[in-house]
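Model the placement of chain U on the given structure of chain R, informed by the hints.
For the record, the sequence lines run as chains R and U.
Here our numbering is used: the first sequence runs in plain steps of one and ends on residue 597.
Here our numbering is used: the second sequence runs in plain steps of one and ends on residue 1386.
Some hints could be false.
What the hints assert, rightly or not - What the simulated footprint calls covered on chain U by chain R, stretch by stretch (three residues with Cβ under 8 Å from a Cβ of chain R suffice, anywhere in the stretch; the number is not a length):
#1 1026–1035
#2 1050–1056
#3 1165–1179
#4 1311–1317
#5 1352–1366
By construction, these hints were calculated from the structure, which means they are not laboratory data.
For every residue, glycine included, the Cβ atom is placed at its ideal position computed from N, Cα and C.
Listed here are the chains, written in short residue letters.
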Amino acid sequence: MAKKINLKIDGVDVQLDEGQTILDAARAVNVHIPTLCYHQDLCVAGNCRVCVVEVTGARGLVASCAMPVSEGMDVHTNTLKVRSARKNIIELLLSEHNAQCTICYKNKQCELQDLASEYKSAEEQLYIDLVPLKNYTIDNFSPSIIKDDSKCIRCQRCVRTCEELQHVSALGVAYKGDRMKISTFFENPMYDVVCTNCGQCINRCPTGSLIERNYVDEVWDAIYRDKKHVVVQTAPATRVSLGEDLGLEAGEVVTGKMVSALKRVGFDSVLDTDFSADLTIMEEGTELLTRLKKALVDKDPTAKLPMATSCSPGWIKFIEHTFPEYLDNLSTCKSPQQMFGALAKTYYAQKRGLDPENIVSVSIMPCVAKKFEADRPEMRSSGHKDVDYVLTTRELAMMIRQAGLDFNSLPEENYDSIMGQSTGAAVIFGASGGVMEAALRTAYEIVTGREVPFENLNITPVRGMDGIKEVTVKIENTVPEWNFLEGAELKTVTAHGLTNAKYVMEKVKSGEADYHFIEIMACPGGCIGGGGQPIPTNMEIRRKRTEAIYKEDSGKPIRKSHENPEIVAIYKEFLGEPLSHKSHELLHTHYKERKRY
Amino acid sequence: MTYNKLKRIDLIFQEDSECPKVLEKTFGKSNDKIINDILESGLKGRGGAGFPTGLKWKFASEESADERFVICNADEGEPGTFKDREILFRVPNKVFSGMAVCAKVIGAKKGYIYLRGEYRFLLPQLQKALDVFHREIKDLLDFEIFIQMGSGAYICGEESALFESMEGKRGEPRNKPPYPTVAGFKDKPTVINNVETLVYAYMICKHGPMGFRELGTSDSRGSKVFSLSGDTPIPGIYELELGMSLNHFVEEFGDGDTKAVQVGGAAGFCVPRKMFNDTIIGFEGVPTGGSMKVFNSSRSMYNVLHNYLEFFEEESCGQCTPCRVGCQQLIKGIEAVKKGEQKASYLDQLMKLSETMKMASKCGLGQSVANSFSSIVENFREEMIY
Chain R
1 MAKKINLKID GVDVQLDEGQ TILDAARAVN VHIPTLCYHQ DLCVAGNCRV
51 CVVEVTGARG LVASCAMPVS EGMDVHTNTL KVRSARKNII ELLLSEHNAQ
101 CTICYKNKQC ELQDLASEYK SAEEQLYIDL VPLKNYTIDN FSPSIIKDDS
151 KCIRCQRCVR TCEELQHVSA LGVAYKGDRM KISTFFENPM YDVVCTNCGQ
201 CINRCPTGSL IERNYVDEVW DAIYRDKKHV VVQTAPATRV SLGEDLGLEA
251 GEVVTGKMVS ALKRVGFDSV LDTDFSADLT IMEEGTELLT RLKKALVDKD
301 PTAKLPMATS CSPGWIKFIE HTFPEYLDNL STCKSPQQMF GALAKTYYAQ
351 KRGLDPENIV SVSIMPCVAK KFEADRPEMR SSGHKDVDYV LTTRELAMMI
401 RQAGLDFNSL PEENYDSIMG QSTGAAVIFG ASGGVMEAAL RTAYEIVTGR
451 EVPFENLNIT PVRGMDGIKE VTVKIENTVP EWNFLEGAEL KTVTAHGLTN
501 AKYVMEKVKS GEADYHFIEI MACPGGCIGG GGQPIPTNME IRRKRTEAIY
551 KEDSGKPIRK SHENPEIVAI YKEFLGEPLS HKSHELLHTH YKERKRY
Chain U
1001 MTYNKLKRID LIFQEDSECP KVLEKTFGKS NDKIINDILE SGLKGRGGAG
1051 FPTGLKWKFA SEESADERFV ICNADEGEPG TFKDREILFR VPNKVFSGMA
1101 VCAKVIGAKK GYIYLRGEYR FLLPQLQKAL DVFHREIKDL LDFEIFIQMG
1151 SGAYICGEES ALFESMEGKR GEPRNKPPYP TVAGFKDKPT VINNVETLVY
1201 AYMICKHGPM GFRELGTSDS RGSKVFSLSG DTPIPGIYEL ELGMSLNHFV
1251 EEFGDGDTKA VQVGGAAGFC VPRKMFNDTI IGFEGVPTGG SMKVFNSSRS
1301 MYNVLHNYLE FFEEESCGQC TPCRVGCQQL IKGIEAVKKG EQKASYLDQL
1351 MKLSETMKMA SKCGLGQSVA NSFSSIVENF REEMIY
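This is chain R alone, in the form it adopts within the complex (with noise of 0.2 Å):
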C-alpha cells in the first residue's frame, strides 16, 4: 500500500499516494490546471512550464506536473502570481509560433490556440514576433509525415513518444538556446531516416508541427471524376474510433454509419479490409504450418522461425532498419490493405467488367505508416498503383464534416460486394493480438479439425495492454495429414510498440526465447491506437477501443476466417489455394535492408 499524503488544492483537503503529482491532485479534485507538454502515455517533461502552481514556502512556481506531493502541502492555482506567469507563458509561446491558424491543418484541434483563446485578450501580441527572424523549415518529402517547425512548440512530446513508446529515437533536440529545434540525425528529411511512420508523434503533437500529408482533396478529385471507379475499403480499427472525431464517445462501434457517410461521399462501391484481413488469415496461416512442417520435418534450413507477422507497415520498416537479420522471419504475406489493393485492380475489376486503369483505390486506414506502405515500388503487382490513396480516420472525419452529413442520425448500411463480407477473425486484426488470435482460430482447426479449445473461440490470453503476451497452445490430436504437429508445443508473442517489439526481437536473437509465431504491431494497443486515430489517444481511450472491437467479433455470426464465402470463393474462382502461384504474385511481397540512421 502507498503511503497516503495530505494536502490542500486552493483550499480543498485532497489525500494522494505518495508518488502522484500535483496535477494528479488537481485533478482529483477537478480542479483544471493547463498544460502542454504533458502526456499521459509519455514520461514527464516540465517543460513547457504552463502549469505552473504556487506551493506555499517554495522559492518560485513549480511545476504542477512535475512537482509530487508532500504532506501539508498548500497549493495555490490560480494566484495573481501564477496567473501572470501562464500568460507571459503563453504569450511566449505564441510569439515563437507561426499562428496562421486558419490556414493551419490542426485548426480548431490544437491545445495551444485552445490555451491562446482561454488567456488572450484582444489586444495585440504582447511580445515581438520572433517568426520573420527565424529559419523555420518544413519537411513535406514524406509520404506520410509533414514537420512544420515553425508550428512546434518545443514540448518534446514527440521525441518522447520516439523514444519511449516506440524506441526509434528518429526525432531528437537539436542545438541549444534560441536555436533549439526538434530535428533529426543531421537533420536530413524524416523519409530518410530511421522514422517507421508509425505517426505516434502526430498523435501527440499539441499542435500542427507534426501532421500526416493529407490527400483528401486528392480523393474529392476522383469522386468528381465520371470516368474513375472509387472503391474504398476501411480497416477494422476505424470502425471503433471515427465516432470520437465526429462527436460521439470513445469506443462506440460506428461500422453501419461509416459505411452510409461514404456511400454519401460519393464513393462507388465500399468494401471492407476485413475482407483481405480474413484472407491474410488463409495466407500467413498456411505459410506457417507450412514452415513448421519445413522446418520440424523436412529440417528445411531455408525455412525460418519464429515466423513474424507483416500487417504492420511501422513494424516492417522497423525491422527493415533494426532487425534487417530476421527478414527472412516475416511472412511474405502483404498487409490486408495491400492485398485488398492488388485484388481490387484485378479480381475486382474482372468480376464488375472494370477497366483496372479507371478505378482509383482508396483506403481509410487508422495508420499513417500505411500511406508509406501503399507507395514502395513493390506495391503494384496489379500492374498499377495497387492503393491510391490512402486516408486516416482523422481524414475521412474531415470528408464527412465537408460533406456535410450529420453523422450521428445516418442510418446503418452494409458493406457493398464483393470484397465487402468478414468475419469476427478479421475485425479483431484491430487490437493487439488479433491477428494471433484469428490465425490460430484457423490454423488450429486445420491441424486439428476441431475449434481452438477456448470458450466462445476467444483467446484471452493473447488480448488486452499486457506490453508482451506470451502463449502457448498444445496440438493434441491432430488429423493424419498434420499429425507431425502431435504434442508439439506451438509457442506464440504478442507484442505491441515498438519498444516492446524490440525486447522480443532481441530476446530471440540472444536466442533466450524459442518462439514459433510473433504477432507485432507497431502502435500502443495496436491499430486501435494507430497514428493516423482520433486525437487524443490515450491508455483509457485505448481499453475503450479495444472493448469495442471484441464486442464487434463477438456479434459477428461467422468468426473464422476461413468460413467467411467471399474468401472461400475468391480461391474457388480466382486464386486456387492458399500460397497457389496466383496468390505469390499478388498478395505477397518481399523487404529489403534499410541503414540503421
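What follows is chain U alone, placed relative to chain R:
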C-alpha cells in the same frame, strides 16, 4: 552594517604535500564527526548557490543505495570566472583530497571531475597528478577518481544537466525533486560540489573548523576566491574574506572611476556606485560564485546587458519556455527600445517578463537571467533608452 576589514588571505593556493597524512588522520574520525566539522565550519557551496556543504554530505550519506558518487563540478563557465582553473592548475591534490573525504563520508567508490571543455589543456597534467594521488591513497581508501570532459555548454554546469551530460545524454536540467543527494548521477545518491568547496572542505579537515569559522560573517563564513576582471589595474585571482562591503572592494581593486560592479557574472547582480556602501559581498548581501567584473564610466551598460543577454540567448538549453523564448524577447526588446521601435515603457513589460522567468523557469539559468536584467535596467534605465 557590519564593517569588515578587507583581508587578503593566501591559503588555498599554498602547496600541500601532506594530503595523504591529513587524509589518514581524517579517515580515523567517524563520519559523523567529519560531517559535524564541516557543518560547524559554516562552509557553504562556492559555486554560487551557497547550500551548506555539510548538509549535502549528510543527506547523501543517509540515503540507502548500492552505489553513490562524488562529483567535482569543474565546468566553470560563468562569464568572468576563472578561479577553478587556477585551483586545478596549482593545487589539484587538494581538490582530490576533498573528494576523497566526501567519498569516505558518503560511501562512494567512484568520483568524477567534470572538466569544462575549454579546460582540456589541463587534462594531461591533471591526470598525472591524479595518478600520483591514486597511488598515495591506495591503502587508505577504496576510491577512484575519473576525469570526464565537458563539451562547452554553459548549462552543463547546472548540476542535473551535468549528470545528463555525464550519462551521455543531451545536457538538459532535470526536474527537482529528486535532488542529487537522492538521485543524481545514474539516479544514485550523489554529492556534487564546486572545485573550491572541495578544497575548503579538505582544509577544514586539516586545520579544524574553527579557523574557517573565524573568517567572514555569521551568514558567510570563511574566505572565498574571487576572479577579478574588467576596468581594474590589477585583474587576477584573489582569496578574500567574505562579508566585505563593495565599497572597500572597489577602493582596493577599482581604477578610481568605477561605475558599477557585476557581482556573480552574467547570472549575478549589477551593483551601481550609489549602492556600493550598502552592499555586502556574501550570502546576506550579493552572493557570488567568484566573478567580479568592474565597469568604469566609459562603459555603456546597455552594451553590458546586451552582451549578457546574447550569452543567455545562446546558452539556454532551450527546453523550457520562459528561458528559451524569454531570453530572445529580452534581447529583442531592449534592441527595439534602443532603436525607438518600442516605447520606453516596454521596459516595464520586459521587467514583468524577467520576473516570470525568475518564477517559472525550470532551472537556475532561466531563473537568474532576471538578476542582471532587472538590476541593470532598474539602475541604468536612461542608458537603455537613449
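Check: Which of the stated hints cannot be reconciled with the structure, identified by number in ascending sequence?
Finding: The structure breaks hints 1, 2; every other hint is satisfied.
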